[in-house]
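For the protein sequence lines, the chains are A and B, in the order given.
Each residue of the first sequence is one higher than the last, beginning at 1137 in this note's numbering.
Each residue of the second sequence is one higher than the last, beginning at 1137 in this note's numbering.
The hints are simulated quantities; they were obtained by calculation from the structure and are not laboratory data.
Some hints here could point you the wrong way.
As the list claims (entries may be wrong) - If you want the footprint, here are the derived chain A segments under chain B, 3+ residues with CB under 8 angstroms: (1) 1178–1184; (2) 1189–1196; (3) 1211–1222; (4) 1327–1333; (5) 1353–1364; (6) 1380–1393.
Bear in mind the structure is a predicted one, so any value in this text is a computation, not a measurement.
Every residue gets a Cβ at the ideal spot worked out from N, C-alpha and C, and that includes glycine.
Number of protein chains: 2
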Amino acid sequence: MIHRIRILLLAALTATPAIAADPPATPAVTPSAVVAQAPAAAWQAIPAEELLVMTIEGGKRVVIQLAPGFSPRHVANIQALARAHWWDGTSINRVQDNYVVQWGDATEKKPMPPGLSATSPGDYAIPLANRRLAVTPLPYADAYAPSTGFVAGWPVAMDGTAAWLPHCYGYVGVGRNMSPDAGTGAELYTVIGQAPRQLDRNIAVVGRVIDGMATLSSLPRGSGEIGFYTPAEHQVPILSVRLASDLPETERPHFQMMDVASQSFAAYLRLRANRKDDFYDRPAGGVDLCNAPVPVREVPVRPAP
Amino acid sequence: MIHRIRILLLAALTATPAIAADPPATPAVTPSAVVAQAPAAAWQAIPAEELLVMTIEGGKRVVIQLAPGFSPRHVANIQALARAHWWDGTSINRVQDNYVVQWGDATEKKPMPPGLSATSPGDYAIPLANRRLAVTPLPYADAYAPSTGFVAGWPVAMDGTAAWLPHCYGYVGVGRNMSPDAGTGAELYTVIGQAPRQLDRNIAVVGRVIDGMATLSSLPRGSGEIGFYTPAEHQVPILSVRLASDLPETERPHFQMMDVASQSFAAYLRLRANRKDDFYDRPAGGVDLCNAPVPVREVPVRPAP
């Protein structure tokens, strides 16, 4: 009985790890089976210049996908900072439980490279006037926004005038000074707990961690105020941060994300909201915006565009 | 400028650590200032028999508050298992990122003590027929339930017929076999990521971690399937699990939770939904059920009832 509890919790709390070489005989009943069975056409390559590769102490790799379509000025700054090798020798200096891991220049004295873009609070959302977004709607209630959905590979919250990226688990935001300062992009953090959506439209969200998240989320929590590492010796050195496009081809990672307009993504969303595998007595009938992450996968070789 | 970014992000992302010995001259503007200024009458002692004290490798303490009002049969079993010292020598054996930390008998052979209660899926929610709950409503939309609120110190989701505890960060659930098995309470897990609310009403929620959560959430993620620790040497030994009421007074922790019917809690909720401190450009106007944790604090001596 104890044995069966464990085995079946295994089966229940996750999706079946199905890898289908041939089309499946029966429809997938778990979200991850849908992902495993999705055809090649349901996947889109992520451009190498939108992948930030951070290497920390011990050679551990963290890969961040940037969102230039939503935060173009901040992302341009981040790309410039990476090209200037600005983060090399900086550190992860704050880990607050159920909140954020934060990194940047703990000495607070490192000069910024020239040519960074000016930013403003107007950069926290994209206006919908004179623009038609291709939205895959998420038809469930949200505590923070009138409507939600997915646009170009990203979850979005929307009202009648603007769309913005939410602070979901693993999403990356930009530290800033008091408004109207909107940060440069040099001080970054990622969410390691329940989505702090109260920060939406108050801070620029610039991307998401798509590999190595467990390296960040399992770091020791800082003992200083709001999780800052004290003493400074506890800071975790950042060895380098590079755009994938600036790495030699042999070191360059390749990732794909699921097309949010695909039938596979529609099936994935339906099953995230209505679990049908045998474990579930009662499908929820809904899913939170931050509980339906857009599937991302690493691929060994970048497919032809 | 860099210096100010860091300092002000400090001020912005958290509440002011105000400790008021006298009534404050001006109303608190952050949730944690409300908590710091709450009068003694806004706090309720948590009974010692509802506190589970787990000590793991290295002597680290984790304290779980049990919810007998919502899961009486499972909680009675957990109390019996603690009194039988059943978890002593078991282990934390699974850590899956953005999901759960799970513990229990990894050998899957340990006999259960006699006298455990039978459980069923009917135990996952409490029926509202013939019962009037004192609900502090949370008047914001929820993707998973028609309504939400707080009852007797706990967040609840509700429909017209029942109320149930949600799977929030730090909440503790019971591993089980396929339905109609509902688990004994011997195999437990806690949430370490975005609230997996799809598990609500599919698994018994029996309590929440109120101290030592960072010890669990920062454990290395398991390299086995869905985060199981492989090899078994990676499992984290559990030295003991006791009810606080069974500990000598000198070792017994005392905790209080905020009365969800108090004016302090009402002010806390308002500010969680509408951040007014200077950092925020745009208050959210809402807050998710799992993003307004009921304040809990440890106190050195148990106050008179």
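A quick look at each hint next to the structure:
no.	hint	result
1	1178–1184	violated (count 0)
2	1189–1196	violated (count 0)
3	1211–1222	violated (count 0)
4	1327–1333	holds (count 6)
5	1353–1364	holds (count 8)
6	1380–1393	violated (count 0)
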